[in-house]
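K.L.:
So the protein lines, in turn, are chains A and B. Counting with my numbering, you get residues 1 to 463 for the letters of the first sequence. Counting with my numbering, you get residues 464 to 885 for the letters of the second sequence.
Rather than coming from a laboratory, the hints here were simulated on the basis of the structure. Worth double-checking, as some hints may not be accurate.
[Said to hold, decoys possible] Ranges between beta-carbon positions, derived for each pair: (1) D220/A with E520/B: 36 to 44 angstroms; (2) A293/A with L646/B: 38 to 46 angstroms; (3) D220/A with L660/B: 20 to 28 angstroms; (4) E520/B with G337/A: 52 to 60 angstroms; (5) P579/B with R112/A: 53 to 61 angstroms; (6) R648/B with D298/A: 22 to 30 angstroms; (7) A580/B with R8/A: 51 to 59 angstroms; (8) R797/B with D298/A: 51 to 59 angstroms.
[As the list claims (entries may be wrong)] Coverage of chain B stretches by chain A, computed from C-beta distances (three or more under 8 angstroms per stretch; other residues unrestricted): (9) 588-602; (10) 868-880.
For clarity, every value in this text was computed on a predicted model and none was experimentally measured. C-beta atoms are modelled at their ideal positions from N, C-alpha and C, and glycine is treated no differently.
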Amino acid sequence: MVMGDLVREVDVAVVGGGPGGYSAAFRCAELGLEAVVVDAGKRLGGACLYEGCIPSKALLHVATVMHEVERAREFGLDYGEPRLSVDALQKWKAERVVGKLARGLAGVARSRGVDVIGGRAVFEDSRGLRVEGEEPQKIRFKHAIIATGSAPATLPGLAAASERVMDSTSALEVVDVPERLLVIGGGYIGLELGTVYAALGSQVTLVEMTDGLLPGVDRDLVQPLARRVEKLFTAIHLNTRVTALRASGARLEVEIEGRNAQGFDRVLVAVGRRPQSAGLGLETTRVRVDERACVVIDTRCRTSDPHIYAVGDVTGEPLLAHRAMRQGKVVAEVMAGRPAAFDNVVVPAVVFTDPEVAWCGLTETEAQRAGRAVKVAKVQWAASGRAATLGRSDGLTKLVVDPESGRVLGAGVVGPGAGELIAEGALAVETAALAEDVAATIHAHPTLSESWMEAAETLLKGA
Amino acid sequence: MSRAFVLPDLGEGLTEAEIVSVLVHEGDVIREDAPLLEVETDKAQVEIPSPMSGRVEKIHVQPGQTVKVGAVLISFADSTDGGAVRAAPAPPAAAPPATEARPARARDGGPVPATPATRRLARELGVDLGGVRGTAPGGRVTDEDVRAAAGSTRGVTAPAARAPAPPVETRPLAPVGVEPPPLPRFEQWGPVERAPLSHLRRTIAERMALSASVIPHVTHFDRADITELDAIIRRTLDAARGRGVTLTLTSFLLKAAALALKAHPQFNASLDPAAGEMILKRYCHLGIAVATDRGLIVPVIRDVDRKPLLELARELGALAQRVREGKASLDDLRGGTFTITNIGALGGTGAIPIINYPEVAILGVARGREEAVVRDGQIVARLMLPLTLTFDHRIADGADGARFAADIVRLLEHPDHLLLEL
C-alpha cells in the first residue's frame, strides 16, 4: 500500500497543534471522541509554545531579573555589572522552558490517545482532508476543527529581503544582540520584545504609527509603562511611519518619517498578526472566510459547514492563546452533543512588560466611546504597603462599574504582577459580581491584590 | 388608591395559614402595629400586626379560611394621617410585580449578568437568558431564576400540539419531587447518540413521573370468567356489524366499569391534598388507553353510564381511529375520571399500569385465555380474563379496591346483570 492511499477514519480531525487545537483534542478524548491532530511541525504547542507566549515570557523574565538587580542598589544590594551569555540563555529557553512544556504536552497526548500527524492539512471536501508532507495520508472525519492560528503580519512595501528584518518569531530566537534595534509597532509584541532586547543590551528605537503606545488601552494604565520604556529605550517616535528600508552592507538603512535616515543592525516588524486561513483547501468546503481572512464561526464555534468547526486566532480577534483554549474545550463539548457555548464575557489581555499591564471586560476608553455611563474607581499603588516593600509604587488598579447596579463591568491594572492580578478582575466580571462583593471579600494583607478591594470600597463610600 | 396587606412570609417554610379571627372591621381607622388578625399555622397561632396606619377599606378573608402567603387579607384606604406616620415598609404586592419585570439583558445589549454555571444551566434548560429577570443583587440571574423561567414557559406551551417540535435546544423535562443525581458520562464506555423526545413522549414522561412520584399506588389482582360474555359477543357480532358497529370486549368493560364506579364513587374522584378534600365527580367520563405509533394516548368517552352499549361501541371505534390518525381534538383527550387500559391484543398475563393523574384509579386488562378451572368439582375450560385494579391508596384501602374489582368481575361474569343496564 502506498502511504498516500492510506485513509484514516476518525471522529475528529484537528488541523493545527496550538493551544486551541490541543485543548480541543484533549477534551474530545475525555468525551470519548477519537481525535487526531494534524500539525505542520508534528508537535503540540503551536506558536504559543514555540514562537510566542512562552519563549517571550522566558526572555522577559530575564529582563525583569536584570531590572530588579539594577534597582536593588537602591536598598544596598549590588551584584556589579551583569554579564549575559546568550548561548546559555538560548539553551535554557529551548530546553528547560519550551522543551519541558513540549514533552509535557506530548505526554498528555499519548496518555489520552491523541495522535499527532506531521504535515500540512488540505481539505478535500466537507468530510475529508489530505495530509501533505511528512506523513502523507487521507483522513475521513465526522468533524474537523480548524485551529491553524495566525502568523506575524508584514508591512506592505517594506518587505526588505534581509534576514536582519525580523518578525516576532525570529526575534525570539535571539540569534544575536544587535547594537541598534528598530522596533516597528508600539503594541504588546513590540513593547515586550523591545524590552527584552533593551535588557540584553541593545539600543532600541521604537516607531509607532498612532499617538500612543498600546493603542486602545486606557491611557492611565499605559502611562507607568510608557515612563519606564522612555528610560529603557533610546527613542520612541509616536505618530510616525517608516517610509523606506533597505539593506546597506551589514546594516539596514531606515527612513523614518520626518527624520534623517538611520542605520540599524536589526529591525523588528511587530505590526500585529493575521489569521492563517489560506492554503487549507477551504474552498472545497462550505466554510465561510471573511474579508480579513478570518474563518466565520458562531458562539458554538461552528463554521457555515456543518461538519467543520474553528477555534482560536484563525477566527479573528482577540488573538490570544487563552481564548483559543477555552474555545477548544467548548467545541469538543459541542461536538459531543453538550449544551456548551463560547459565551465568555471577558478575555483578559496582558502585556508582560515591566511593569505589566492587564485589563479585561469593558475599558474606560470603550465606555466613553460608546457613550455608556460608568463609574470608575482607581487606586494608586503609592499607598499600598506591599508596593512600598517591593519598591514599586508606580502601579494602578481600576474598576469600571455599572452606576445603577454596582456590577463590575471591567477591570484594569498596571504594575508588577498585573498579569496575575487581573485574574480577580476577570472572575468578578465573568461572574457578574458587584463592587460590594469585591469590597466585602477579605484580601490578604499586605498584598497588591488588596487594591481591588480598596478600589471597590471607594465606590461604596456614602452608600 | 388603596393599599393591599398580604399574608406575610411566616418563615420556617410555612406557606399558608388558617384565619382564626379578624380583629378589625371595615371602616376602622387603625394605627401601625395594631393587631389585625389572628392566624393559625401548623406551628402556632399568631397575631398579625398592621404594617401601616389607615382606614380598613375591605376585609378579604373570614375566620376558618386557609390562605396562602401573598394572598390579600385586607385593603387599606390611603392613610388619613399618612403624613405624620413614617411610611411603613411597602407591603409585598399580592401579585408578582409583572410590570416591574425588566429584562436581565443590560441596557446596552451587553452580556446578561449571570455566572458561567448559570449560563450553562440556561442552555441546558433552553431558557433565553435575555428574557429572564434577575433577582439577585444588581439584577444578577440566579439558577433559581433560570429554573423558574424554564417552568413558566413549559406552562404556557399548548398541550397535545400535533406538529412535531422543530429540533431546538435541549429542554429538560419538568422536574418532579426529588432531583435525580446527574447522569454519568456514558461516552466513557462507548459512543452514544442523543435523540430529542417528541412532544407526546415528553408529555407522557412528565405525566407518568408525576403520577408515580405523587400517588402511592396499590394494585389489586383479580380474574373474570368471561366465557358467557364472549359467547354473547360472538353471537351478536354479526347483528351489530349490520348496524355498522364492531362489538368488542372493551365496550363491555366500559359499561361494567361505569356501573361499578356508581357503587364506588371514591374511584371516580380526584384528591385535593391542598384542601384536604376528595373531589367526587358526578359524571362518568372514561379514558381508554390507545397505543399509537407515536406513543400512548388516552381518549375519553363521555357519560359512559348514560349511553347504550351500541353507541359506546360506535363511539369507541370512531375515537380510536381519530386518535390513531392524529386527528383527536383536545376535547377528545381531557376530562376523564377513570381509565381502562386493555393490553390484551398484545398478550401478557397482567400488567400494573400507572394511574392517569389526577385520576385515582386505572383498570388494567390482559389477554383472556382458556384455562382449566374447577367448577362444581369438575375441571372445565373457561375463558379467563386477568384484571388489575391500581388505585391511589390515599383515597381508598385494599378492601375498597377488592370490593370495587369484585363488582367489575361480577358484572363481566354475569352478563345478564349487565344486560339490565345496557
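K.L.:
A separate judgement is required for each hint: does it hold in the structure or not?
P.N.:
Hint check:
1. Take D220/A and E520/B: their Cβ atoms lie about 59 angstroms apart, and the range 36 to 44 angstroms is violated.
2. The given range of 38 to 46 angstroms is respected by A293/A and L646/B, whose C-beta atoms sit roughly 42 angstroms from each other.
3. Here the CB-CB span from D220/A to L660/B is close to 55 angstroms, at odds with the stated 20 to 28 angstroms.
4. Separation of E520/B from G337/A is about 58 angstroms and conforms to the stated range, judged on CB atoms against 52 to 60 angstroms.
5. Remark: the range hint 53 to 61 angstroms for P579/B to R112/A is contradicted by a beta-carbon distance near 24 angstroms.
6. Distance hint for R648/B and D298/A: a CB-CB separation of about 25 angstroms, consistent with the stated range 22 to 30 angstroms.
7. The beta-carbon spacing between A580/B and R8/A, approximately 38 angstroms, falls outside the hinted interval of 51 to 59 angstroms.
8. For R797/B paired with D298/A, a C-beta distance near 41 angstroms fails the hint of 51 to 59 angstroms.
9. Chain A is given as covering the segment 588-602 of chain B, and this holds because 3 residues of the stretch bring a CB closer than 8 angstroms to a CB of that chain, at least three being needed.
10. For a cut-off of 8 angstroms, the count of residues in the segment 868-880 of chain B with a CB near a CB of chain A stands at 0, and the three-residue condition is violated.
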